[in-house]
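Please model the complete structure; the sequences and the hints are all you need to start from.
Those protein sequences? They're chains A, B, C, D, E and F, same order as listed.
Per numbering that gives the first Met the number 0, numbering through the first sequence is continuous, rising by one, with the last residue being 166.
Per numbering that gives the first Met the number 0, numbering through the second sequence is continuous, rising by one, with the last residue being 166.
Per numbering that gives the first Met the number 0, numbering through the third sequence is continuous, rising by one, with the last residue being 166.
Per numbering that gives the first Met the number 0, numbering through the fourth sequence is continuous, rising by one, with the last residue being 166.
Per numbering that gives the first Met the number 0, numbering through the fifth sequence is continuous, rising by one, with the last residue being 166.
Per numbering that gives the first Met the number 0, numbering through the sixth sequence is continuous, rising by one, with the last residue being 166.
In short, the hints are calculated from the structure, not lab data.
Note that this is a predicted model, so its numbers are computed, not measured.
For glycine and all other residues, C-beta sits at the position ideal for the given N, C-alpha and C.
Check before you lean on any hint, since a few could be wrong.
Distance ranges between label pairs, derived from CB positions [stated by the list, open to error]:
no., chain 1, residue 1, chain 2, residue 2, range
1, B, Glu47, D, Lys29, 18 to 28 Å
2, F, Gly161, B, Lys29, 49 to 59 Å
3, A, Ala165, E, Ile100, 37 to 47 Å
4, F, Ser30, C, Asn32, 55 to 65 Å
5, F, Gly161, B, Ala31, 48 to 58 Å
6, E, Ala31, D, Gly102, 45 to 55 Å
7, F, Glu46, A, Ile100, 51 to 61 Å
Listed here are the chains, written in short residue letters.
6 protein chains.
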Amino acid sequence: MVMNDQPDKTEQEFTHVREGKPSMVDVSDKSANKRTAVAEAIVWVGEEVMSRLDGADIFSAKGPVFQTAIIAGTMATKQTSLLIPFCHPLPLEYADVKIVIHGENLIITCAVATTNKTGVEMEAMTGASVAALTIYDMCKAINKKIRIEFVRLLSKTGGKSGDFSAD
Amino acid sequence: MVMNDQPDKTEQEFTHVREGKPSMVDVSDKSANKRTAVAEAIVWVGEEVMSRLDGADIFSAKGPVFQTAIIAGTMATKQTSLLIPFCHPLPLEYADVKIVIHGENLIITCAVATTNKTGVEMEAMTGASVAALTIYDMCKAINKKIRIEFVRLLSKTGGKSGDFSAD
Amino acid sequence: MVMNDQPDKTEQEFTHVREGKPSMVDVSDKSANKRTAVAEAIVWVGEEVMSRLDGADIFSAKGPVFQTAIIAGTMATKQTSLLIPFCHPLPLEYADVKIVIHGENLIITCAVATTNKTGVEMEAMTGASVAALTIYDMCKAINKKIRIEFVRLLSKTGGKSGDFSAD
Amino acid sequence: MVMNDQPDKTEQEFTHVREGKPSMVDVSDKSANKRTAVAEAIVWVGEEVMSRLDGADIFSAKGPVFQTAIIAGTMATKQTSLLIPFCHPLPLEYADVKIVIHGENLIITCAVATTNKTGVEMEAMTGASVAALTIYDMCKAINKKIRIEFVRLLSKTGGKSGDFSAD
Amino acid sequence: MVMNDQPDKTEQEFTHVREGKPSMVDVSDKSANKRTAVAEAIVWVGEEVMSRLDGADIFSAKGPVFQTAIIAGTMATKQTSLLIPFCHPLPLEYADVKIVIHGENLIITCAVATTNKTGVEMEAMTGASVAALTIYDMCKAINKKIRIEFVRLLSKTGGKSGDFSAD
Amino acid sequence: MVMNDQPDKTEQEFTHVREGKPSMVDVSDKSANKRTAVAEAIVWVGEEVMSRLDGADIFSAKGPVFQTAIIAGTMATKQTSLLIPFCHPLPLEYADVKIVIHGENLIITCAVATTNKTGVEMEAMTGASVAALTIYDMCKAINKKIRIEFVRLLSKTGGKSGDFSAD
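Quick look at the structure:
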């Protein structure tokens, strides 16, 4: 069985597209090494939501809202390959979601690590996105115009294609 | 059993936060009616990706890339309540993901409908987000700087809180 | 928001294909009524497997093999909409998997019922298929040539398109 | 198709066992009404864990530990039918997990409600159990002898079999 | 703890049955090596469906129907251990679903690879089956008599039990 | 990227709590070795249920009830990381659920093994719990007062923190 037919030139960089159809990349002959990725999602929540979240009051709503988003984002990193069709399933060795307040924005970062044959960019991106979606869900009764902005990869390490850092 | 203890004033608008802890909203005494929601995700893919996607060539990669994102987004609408902690599980009656090209951006819309006691905003937002994440996955070998921008609710109808339209 | 654009003639019967892209059918304006479906899967296991399964011995392996397949098939009916991309999620009200021996074949039937706006053919087909796959898994160490044959719909009732019975 | 063959006497009360094989109960001809259930799980954590959880300190670990358990328990109520083989899938309308400290024990209650043809006892029991398992996971580095005790149904309402209250 | 009690002779070949009860095989002491498997599913769709799928027209329905089946089959390979009770969870390193037209039949092949302690036959069989079920779902409005035929293992490599090829 | 900031003293033993927020432990720099864990759940079912389960009659309900619980518990071990928020996903190499009768109690043990960087206590605890919940579901029509008692870890081996045995 030949599994790795050479794709034609045009399709080469769409790694998930071969002969006009989508496909999972064959990583079985690559070697495993440590991979990390960090993604960021910025959520604009607006003044009204922020004034309720950011109180000095220790009984503010920030606790439950932030912790729910952190947990949802972390759990989502583990479901990434069930959501993204051609993403390899990977046993993650680390996932961490952090949220900080910046003006009227919440800045979410999701860091992920594994020791495997392929990277964890999608896990980090998915974790950040689902944490952001959870913020929306927890706050949408106050402001339906909340927007998720700039879900993007901040950095990755490990793997043949080299490290990446979003300047 | 009293399930609907009145929350204190401060927490009232964080519908998922009661007495300092997160909680699912009790919708059991609401009446079911038709609910729709449409969300949008804009993905900046850059010139290099776009030149490959948008060829006149009928064998371009657009087919598999777009259809994979459409399918992933649709399937994600059905997994929303497994991803967002306090989101009610809802049997969806319609889900549709569309993608159009606009300059160097892909504009994804996800429309969802159900007849139920609570709305489908989160299903639409999640479907749009996962379609966007799938675009990232399919194109990241070409450009890791692809960004998801402006995941937001475009409109909703049905439900006591009234219709919503993002201007 | 117009959700039900009329599809062009050619695509009309591919209910999941609209404007050249796949899509979930909008059933939100249909009325709910009782739907049933029964599907069948025939698994040829061969003489060697059958002689071990069909012993008069009450301690034969039939118990665990059959019951594992029955349970797997039943659980799969509940996961159908997570497996089949444009299948509506439905709260099933009944699912039953039965297995009988016929020569060197196992005949699996999966019956499903719900009261909803759309049918349960896919749930019955999926339940029968996964029960058959489980038979394969439980017996493959004895005979890797086991084949699943004739997964098909036996009957359906309820719904606008009328009842169906396979001859 | 006759779906409701009368089971023999002996099996009548094992509602999930028919003709010597397990099966989902057919609820398709029952009528929908409001159902609630509350379950309780008591977790003995011991003195060492409790002294860390129950500090007056607002930076105590209680926040994250309790909230993680509350969220895990709530999410588990939504996955009940994927875990318990013959449990009907139900769109829950309410789920709430609470935790209080009592001596060296944590007392977890999980309340669930839906409007449907069958009850939500298993959802309440599963939510309480998974919240308890999460407490174990969060505290096991301190004390591996933590025990989950007395997962039980406290009450149920709705349904033909009548209301139930534990003593 | 003795995990590997010797099963009695009769049960030896039903690797998932031990002492009259089903059980997962203990592979913890086996060594990891590359495993591949290819399975095939043949779907008879009939003349009417085929005439619509196989048009020379580039806007034929083949695109969405085939690609949806390919994606569903690929995603199903990743869910195999959640569907088949005693199947080991495996991080797949490759999965590929192909569909070709042959007369009134669609011939689906699903190839899977991993580097692990146990084989991937079930992943290949499940991927082929779910792709076939998706074909049924996409085409059933035209012909409910579509049949899945001959889901079977074509080949496997790797593992102590040796390679297999269905001549 | 520094992933392993030193937590402050107070939080050190709550391995999942860092800087006041919950987090997955970073195990990426640990070495993989064989890990086992065994957990136990005791279910008090009462005299009435037991008299039906424990008949000399080979057609007693014990078969389906026990096997359903065994299968549900085994499948749950594979879903543990989707249920417990900060539990690492692990490809299990062995899982086995056993049930024995002791007076009016059912004693469930769940044994799990893997070769990995972190332990499988949670998988064993979850498998035992879900098997116990399934017993409740299968028998609740006879006795709603069934109680799950003493879910606890019996033993673990492997890993830096040493072996553990409950007295």
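Outcome of the hint check:
| no. | hint | in the structure |
| --- | --- | --- |
| 1 | B:Glu47 <-> D:Lys29: 18 to 28 Å | 59 Å, violated |
| 2 | F:Gly161 <-> B:Lys29: 49 to 59 Å | 53 Å, holds |
| 3 | A:Ala165 <-> E:Ile100: 37 to 47 Å | 45 Å, holds |
| 4 | F:Ser30 <-> C:Asn32: 55 to 65 Å | 60 Å, holds |
| 5 | F:Gly161 <-> B:Ala31: 48 to 58 Å | 56 Å, holds |
| 6 | E:Ala31 <-> D:Gly102: 45 to 55 Å | 48 Å, holds |
| 7 | F:Glu46 <-> A:Ile100: 51 to 61 Å | 59 Å, holds |
Violated hints amount to a single one, hint 1; each of the other numbered hints is respected by the structure.
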